[in-house]
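Working from the sequences, and respecting the hints, build out all of it.
Given next are the chains, with one letter for each unit.
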Amino acid sequence: QQQVRQSPQSLTVWEGETAILNCSYEDSTFNYFPWYQQFPGEGPALLISISSVSDKKEDGRFTIFFNKREKKLSLHITDSQPGDSATYFCAARQQGTGSKLSFGKGAKLTVSP
Amino acid sequence: GGIITQTPKFLIGQEGQKLTLKCQQNFNHDTMYWYRQDSGKGLRLIYYSITENDLQKGDLSEGYDASREKKSSFSLTVTSAQKNEMAVFLCASSRGGADEQYFGPGTRLTVL
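Listed in order, the protein sequences are those of chains W and E.
For the first sequence, the residue numbers in my numbering are 1 to 113.
For the second sequence, the residue numbers in my numbering are 1001 to 1112.
Hint data in this document are derived by calculation from the structure and do not stem from the laboratory.
Predicted model only: the values in this text are computed from it and were never measured.
Warning: the hint list may mix true and false statements.
[Claimed, not checked] When the alpha-carbon atoms are kept at most 20 Å apart in a straight line, the in silico SDA-like pairs for lysine to any residue are as follows: (1) W:105 - E:1058; (2) W:100 - E:1059; (3) W:100 - E:1067; (4) E:1057 - W:2; (5) E:1041 - W:45; (6) E:1057 - W:94; (7) E:1057 - W:3.
[Claimed, not checked] Some chain W residues judged to face chain E by a derived CB distance under 7 Å, without partners named: (8) 42; (9) 43; (10) 44; (11) 46.
[Stated by the list, open to error] Here are the in silico distance ranges between beta carbons for each label pair: (12) W:79 - E:1079: 21 to 27 Å; (13) E:1100 - W:78: 19 to 25 Å; (14) E:1018 - W:76: 43 to 49 Å; (15) E:1027 - W:51: 20 to 26 Å; (16) E:1018 - W:18: 46 to 52 Å; (17) W:79 - E:1018: 46 to 52 Å.
Here a beta-carbon is modelled for each residue, glycine too, at the ideal position from N, C-alpha and C.
Structure below.
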């Protein structure tokens, strides 16, 4: 059973637009949600994360919006740049317990100049 | 800072062959992980190790063995390579099980 789901699987936006990547989860005990960014030929790297006590986390052009009641979150990338073209993974686990991360299948973002 | 090194970068083997992938980290992290990444399927945990000489099975451990020889290294063995397991194998490490995971660049496995 897929614990973490992402949509869309792929997204193309123009440079300067806002890209929105969605994520939902099944396990209500999940309370820590990192987003990873992966470029071709490289391993994923932590981009931004949020815990369930917050409903928003911002880091520059990247913002996570979190809805605990609906078990949904989204990653917004404002003023998208061609260098943001990558695959983005949503992940989830119980924070502080050392439990395993559950990853979504990833979303491939292409930013066209 | 630190770095995770995975060798080899590309691994080609024959069906049924035993193959070993290696991972080294110089973060001085306690916990290390092996993930398998298939196109369109995300990352699935194969094995992880909380500390030297510890080994824990992940969701996809069947057909694999792992060994944490020392704190800085973690190897993964494909016991009998199959064509349906061609994928990228990612090694990661973290200070503790609840901390940020840092990933290596991966080993791409091709089975002929």
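Hints, verified against the model:
1. W:105 - E:1058: holds, 17 Å
2. W:100 - E:1059: OK: residue 100 of chain W and residue 1059 of chain E at ~10 Å, within 20 Å.
3. W:100 - E:1067: holds, 19 Å
4. E:1057 - W:2: holds, 19 Å
5. E:1041 - W:45: Holds, because 17 Å separates the two Cα atoms, which is no more than 20 Å.
6. E:1057 - W:94: holds, 18 Å
7. E:1057 - W:3: With Cα atoms ~18 Å apart, residue 1057 of chain E and residue 3 of chain W stay inside 20 Å; holds.
8. 42: Since the shortest Cβ distance to chain E is 6 Å, the answer is holds.
9. 43: holds, 3 Å
10. 44: OK, holds: residue 44 of chain W within 7 Å of chain E, min 5 Å.
11. 46: holds, 5 Å
12. W:79 - E:1079: 21 to 27 Å: With a Cβ separation near 48 Å, residue 79 of chain W and residue 1079 of chain E fall outside 21 to 27 Å, so the hint is violated.
13. E:1100 - W:78: 19 to 25 Å: This hint holds: roughly 24 Å between Cβ atoms.
14. E:1018 - W:76: 43 to 49 Å: At roughly 46 Å between Cβ atoms, residue 76 of chain W and residue 1018 of chain E fall inside 43 to 49 Å, so the hint holds.
15. E:1027 - W:51: 20 to 26 Å: Once the Cβ atoms are compared, 23 Å apart, the range 20 to 26 Å for residue 51 of chain W and residue 1027 of chain E holds.
16. E:1018 - W:18: 46 to 52 Å: holds, 49 Å
17. W:79 - E:1018: 46 to 52 Å: holds, 50 Å
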